[in-house]
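Enquirer: Please put together the full structure from these sequences, using the hints given.
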Amino acid sequence: MLADGTVFRGISIGAEGLSSGEVVFNTSMTGYQEILTDPSYCRQIVTLTYPHIGNTGINPEDEESAGIYASGLVIRDLSMLVSNWRAKQSLPEYLKARKVLGIAGIDTRKLTRLLREKGAQNGALMAGPVDEAKALEAARTFPGLAGMDLAKVVSAAEPYEWTEGEWQLADGYQAVQGSRYHVVVFDFGIKRNILRMLAQRGCRVTVLPAQTSAKDALALKPDGVFLSNGPGDPEPCVYAIEAAREILDKTSIPMFGICLGHQLMGLASGARTMKMKFGHHGANHPVKDLDSGQVVITSQNHGFAVDPATLPPNLRTTHVSLFDGSLQGLARTDRPAFCFQGHPEASPGPHDIGYLFDRFVKLMEERNA
Amino acid sequence: MPKRTDIKTILIIGAGPIVIGQACEFDYSGAQACKALRQEGYRVVLVNSNPATIMTDPETADVVYIEPVTWQMVESIIEKERPDALLPTMGGQTALNCALDLAKNGVLDKYGVEMIGASKEAIDKAEDREKFKQAMTRIGLGSARSKMAHSMEEALQVQAAIGYPSVIRPSFTLGGAGGGIAYNREEFISICERGLEASPTQELLIEESLIGWKEFEMEVVRDHKDNCIIVCSIENLDPMGVHTGDSITVAPAQTLTDKEYQIMRNASIAVLREIGVDTGGSNVQFAINPDDGRMIVIEMNPRVSRSSALASKATGFPIAKIAAKLAVGYTLDELRNEITGGATPASFEPSIDYVVTKIPRFAFEKFPQANDRLTTQMKSVGEVMAIGRTFQESFQKALRGLEVGVDGLNQKTTDREVIERELGEPGPERIWYVGDAFESGMTIEEVHALTHIDPWFLIQIKDIVDTEMVLDDLSLDRIDACQLRDLKRKGFSDRRLAKLLKTTEHVVRERRHALGIRPVYKRVDTCAAEFSTTTAYLYSTYEEECEAEPTGRRKIMVLGGGPNRIGQGIEFDYCCVHAALALREDGFETIMVNCNPETVSTDYDTSDRLYFEPLTLEDVLEIVEKEKPEGVIVQYGGQTPLKLARDLERAGVPIIGTSPDMIDAAEDRERFQKLLIRLKLKQPPNRTARTEAQALKLAVEIGYPLVVRPSYVLGGRAMEIVHEQRDLERYMREAVKVSNDSPVLLDRFLNDAIEVDVDAVSDGKQVLVAGIMEHIEQAGVHSGDSACSLPSFSLSAHLEREIKRQTIALAKGLKVVGLMNIQFAIQRDTVYVLEVNPRASRTVPFVSKATGLQWAKIAARCMAGQSIAKQSKRGRVIREVMPPYFSVKEAVFPFIKFPGVDTILGPEMKSTGEVMGVGYTFGEAFVKSQIAAGVKLPRTGQAFISVRNGDKLAAVEVARNLVEFGFTLVATRGTAAVLSAHGLQVKLVNKVAEGRPHVVDMIKNREVSLIVNTVEETRNAVADSRSIRTSALAQRVTYYTTIAGARAACAGLRHAAAPVPFDLQSLHATLGLSDEDPATGGALGGTDSVVT
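Quick note, the sequences are listed as chains A and B, same order.
Add 189 to the 1-based position in the first sequence for our numbering, that's all there is to it.
Add 649 to the 1-based position in the second sequence for our numbering, that's all there is to it.
Covered, in the sense of this in silico footprint (three residues per stretch, anywhere, with C-beta under 8 Å from a C-beta of chain B), are these stretches of chain A: (1) 260-274; (2) 468-476; (3) 536-544.
Just so you know, these hints were derived from the structure itself, not from any lab.
Small disclaimer: the values here were computed from a predicted structure and weren't measured.
A virtual CB, placed ideally from N, CA and C, is assigned to each residue, including glycine.
Expert: Structure, rendered in C-alpha cells:
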C-alpha cells in the first residue's frame, strides 16, 4: 500500500503484521542479504527490481550488521529452493526469524516506475489478516525520512574493537591484527564491510557510538577518523556534524566519510544537503573520478545529497555521478579529509572504488611519516 | 579522448559463410560496426564472402567486397583501398585468423595498416591455450590442469598425468571443432587424431575435466582509458561438458551471491587487462565448483561473439556498436546509452528486471549418421531467446519459440532407462527428458546426480511438470481466472494448456480472453526502470502494468523467421530487415516480431518497435491485438510465419501481399496442379499419396525414379530420390513419422536435367524477373545445396524467354503481390515447373547483390501498395538486370563437425550457409566461390575419377582438362576403361569392394589431390562409395560428387592463379541503374517481362 492509495496484492514471505516506511527500489541484481542488513535501509521498505530473490539463501558471512534494518522487502518472485554451497537458511525463514515483513508476487516493475515518476513514497506492508484502511493509514501517517535522525537509533550503544578482515573465497573471514594505524569509526549505522576493509589494510579499528564527542574520540589518539554510512536525513544529526567540524577545525587527522558520513563532512565544512527525488539505489552507477578521468562502477544507496551549489571554497568536488551529474565525492583542500557518497566498500556491488580505502591509509601514512 | 582523426579509412573483415559456431550474430555485429563507424565519418571498407548479410549491402559500407576472406584476397583489397586501420574483432574467429595471417605475412606492416580493437599480441595470447594459461597464472587465477601436445605420443603422456575423463581442445578451431571429452583410451586416441587434424597448428590442449561444474560467462567492455564494465552475466543451465553454444543459457547469473559474483567480475576485468584487450568487447568463461566455489577461467574471446550478441539482445546494450566506437578512440563515458534516449552514458552496467533464456536448436535430423551427444564441440545450428519476468516464463516461451513441434515440456518417453541415459549423456533433447524424469517420479537429487544441472533450475522444471500433472486430471471449465492467470504467469502457452486439458487452443484462448487474462508488454531498458526509455523494445508477460503504449501511426508488422535451422536462416532475416527498412523509410511505423537473438532484425533500432517474442499463433495474435497494424507481412520469414498465415487471416489479421489462400494454392499439390493445367505449364508427372498402399500404386503409374517428400516443408526435409519399390516402402514408413497429418508427394525425377531458380517480384500488375539462376549441380540436388550462377552459363536465349514467360504466368495465376521463387527443371529443352513459392526465398539476397537492386525492399513496397512503376525513379531505376559479370553462389556444409556423415548431396538440404564469387567469366566467379567456401582447388597432383555410367562421357572432358592442367589420372575399372578408350593415360585402382590396396588407402596415404566421384542415386551405390567421401573429408581432399561440379571446377582452375577483387559498388555502377530515366530506358522499356 502506497500513501497515494495504490495497492499491490501478493504473497507474504516474512513475518505477519504491519510495517511502514519510505518505499525505495534497488536495481542491484545480487546481494539481497547485504541490502537487508544494511542499517542505511532503516525505516525503508525496499523493492528489489530483479525478479528472482532468495536463490542463494542466507549465510552467516554475508551479514552487513547484526540484523535486518529494512522495514520490509518487496519482490517479484521468491526462489523455490536455496542453491548455494554457503547457504544455511532460506530467505523466508530468515525474514520470519527476524520478524520482518516481506511480500512476493507483485508487479515490482510497475512499483518501480511509479516511484521513478512520483519520487520516493511512504507506504506500508501488511501481512496476515489484511485491513487495507489500516495499511493506508499507516502509510499516510509515516512521517517520512526528511528531518528524521536515524543515525543514533541504529548506532552501536558502546564502543567496540573490530579485527575481521575481508572475505576470501577459500578461507572466508580471518582476523587481522591491525597495528599500523588506529582508526576511530563514528558509527551512524555502519556496514561491516567498511570495518573489514579498514582492518584488512592494517588498521586497528575502534567503533564509537554516533553521539561520541570529538573530545572523547580524540582522547583515543586516533591516526584517522572515519564517518560511517547510515540512514535518514543528515541535517538533524547535529551532534555528529559538531564532532566532525571540531576534529576538522582543530586537528589535521585524516578523515574519511562514506554516504551519510560524506554528507556529514559536507555539512561540517559548511555545505548544505538536500533530499533527492528518488535517490540512488543500485550497484551499477557510473561515477567519474575527476582527478584521474577514470569511470568507476559503484554501489549507491542514498536519498539525500550534498548540494554542489553550496560548497565552500575549501571543499573540492572529486567525483560526480554520470547518471545525473550529482555530487559524489568531496575533498577538503585544507585538510587531509575526503568523502564519498556511494559505497566503496561495495557489499553488495562492484569493488571498483575500493581504492578510496587505500587513499585513506596513505593519508595516515603521510601524516605519520 | 574523442575519436581519432589520424585514421580515415577502416577495413572491417566479416565472418564469411554461416557455419556451425559462426552464424548471423556476426552480421549483426559487423553491420552495427559499419554503421557506427560511418556515423563517425570514417570511410569503411568491408570484405565478407557471405552475400546473405545486411553488412554486405552496398549501403552498409562505403566499399563492399563480396570476396573470399583469405589473407591473400584481403591483401589485394588492402593494396587497392589503402586503409589506415583494420578492425578484426567483428567477424568472429574467421576475421581474427585472417587478421593474424595478414600480420604474420607482413601485409599490415607493408601497407602501414594498424590493427585496432585487438592487437596481434592480444589475439595470440587469448587464442594460444598455453600462453593463455600462463597469463591466467600470472594474475593469480586458477585454470584447469592441462598441457599442450603436438603429437599423439605427447598427448598420451599428458593424459597419463591428468587421468580420465580428459578434455581435448585443438588450438585455433571454430566452435571448438575437433575437440571432445574422452572417458577411455580408445576415445582419447580417436579424438586426438581428429583434433590434430583439425588444428591448423597441430596443437592440442589436454585438460583436466571440469564436467559437472557450473559454467558462467561474463561480457566485458573496456576502453583505452581502462574503464571496464560488465554488460551481462550469463549462467549455463547445462553445466561444464557441453559447449556453451549448445547449452541452454540464462541471463543474468542466478546462483551466485554478491560476493562470488564480484570475484568473478574482478577476475573478468583482470583477464582483459592481462590479455591486453585495449578496447572493445570480450567474453570470459568461468567454471565454478558447486561444492566449494573454486573458480577457474576456461577461456576468453578477445572479440565480439555469439554470447555478446546474446548479451546485447538480453540487455539492450549494443556491444558491437560501442566496441567499434571505442576502437577509434572514444571512451565509454563519451558515448551515450541510446536505449534511454541518451539520458545515461554507456559507461554503466545494465541492470535487468527479467530473465532471459536461450535454447539452442539442432539439426541432427539432417545428419542421421552423426553422433548427437553434446560435447565441447558445438553442434547446434541456431538458437532462440525468450524474455520473461521469471525463469519459468522465459524458459517456456523459449521452448515454444524453438519450433521443434513442442509447446512446452512435451513428453518424450516414460521409459526410465531411456530417461536415465539421456540425462547422463546429454543429447539435443535433454531438457525434455529432465521433464520426463520428474514425471516418472525421479527426485531433484536423482536428476541432479545424473545431469549436474543446478537444483535451482531443476525445481522450477519440476514445478512445471507437477503443474502439468495436476492439469492432466482437470478440464478447462474447472479452472478459474485466478488459476489461469497463475498458469500464464508460469509461461504455459494456450496450446500446451489445451493439450493438457484436452481441448483446443482456440477454446483456451477464448476462455482466457473472456476472463480478461491478457499479456502486458514490458520494456527492455538496460536499467530496470530506473530511467524512462523512449525505445520500444518489448516482451510479453502476465503482470499488471502494460508499457507498450502503441501509437496511432500507420503501421506494418513484419513476422521474422525464428531460430536459424538448415533451410531457414540468415537469408530470411535479411528480407525481414529490408522490409522494415523500406517501409520505415516510406513513413510507416514498422513493428518486428522475432525471437532469434543472432539477427539484425532483432536489433532494437532496425524497426520502430521490436517485440522479442516467439512466433506462435498465440503470441502473434496478442501483439496484433495490442498494435492493430494495418498490414502484416508473413512472406519474408520463411516457413515460420507462413504456416501461421491462414490462422492469422481467419482471426482477422490483415495480411498484406500474396493472399494466404494463394500461398496455399502453391503449396497444395492438387490445387497447384490445377493451376498449371489452366496455365498450360508442365510439371514432372506427380501424385499425392496419403497411405503407403496408395503410394506404391501411384508410383507405378508415374514410374521410377521418384522424388518423394512430405508436403509443407522447407529445406527439403525428408526429401529423397527413390529408384525402386523397396526404397519407397521404407520411405513411407519413415516419412509418416515426419509429418503425420500431411500427405506425401510423389514426383517423377527428371534425370540429368538442369535446374533453374527464378526470383521474381510482382505488384499485382507488373512482374519483374529479378534473377534467373542456373544451378551447377543437376536437378536432384536440393536448390539450397547447389551452386548456381547468375546469369546462367548455358541456357539459350530462347529458354530464358520461355522461363520468363512461365514466371509471369505463374505470378499472375497466383495473384502474387511481393516476392516469388520458382524452381524449374529443363530436360532436353523442355521446361518443367518443379516448385513455386510465393514468398521470399533463400536466394533473394544473392540476387540483390548480383543485380544491384534490393528486391526485398521493392517487394515490400509492392505489398504496402506502391506499384513497381511508381517506385522506379531517376537515380533508382527498377527494371530487370542482366549483369555483364557472373555471380556464383556456393553452399557451405557442416560435414567437418559430424565425422562419419556422408557428404553426398541429395534432395535434402544440408548446407548451413553460402558464399558468393564474382568474376567477368563464369570460371573466375566459380573459383572465387570455391575459395570462399574453403574448398582448396588443387593445382597439380593426382586426380581420382570414378563416375556412374551416365556421366562417363562427360568425365572424359573433365579428365582431359585435368591432364591439360598437369594432373595425372587414376580411376576405377569402368571409368578407366572409358578414359583410356579416349586416349587418356590413366592408372587403375580398386574400388573398396574390390580388395586392397584400394582407393581409400590411396586417399589416406595422401596420394590423391582431387576427387571426382559420382554415383547412381540408389541406396546401395551411395552406401558403397561412402567411405571415399568420408575419408576425402577427413583428409581434406577436394572432392566433387556431381559431374557438373567437376566441370565447373575445371573452368575455375583456369582462373585459380590470383583472383582480382571487385567491389560491389563499382560492379553495380556498370548496371546503369542510377542514371537512367525510368520513363524511357527503365522498367517499362528495357527488358520485356511486363504484362498488363
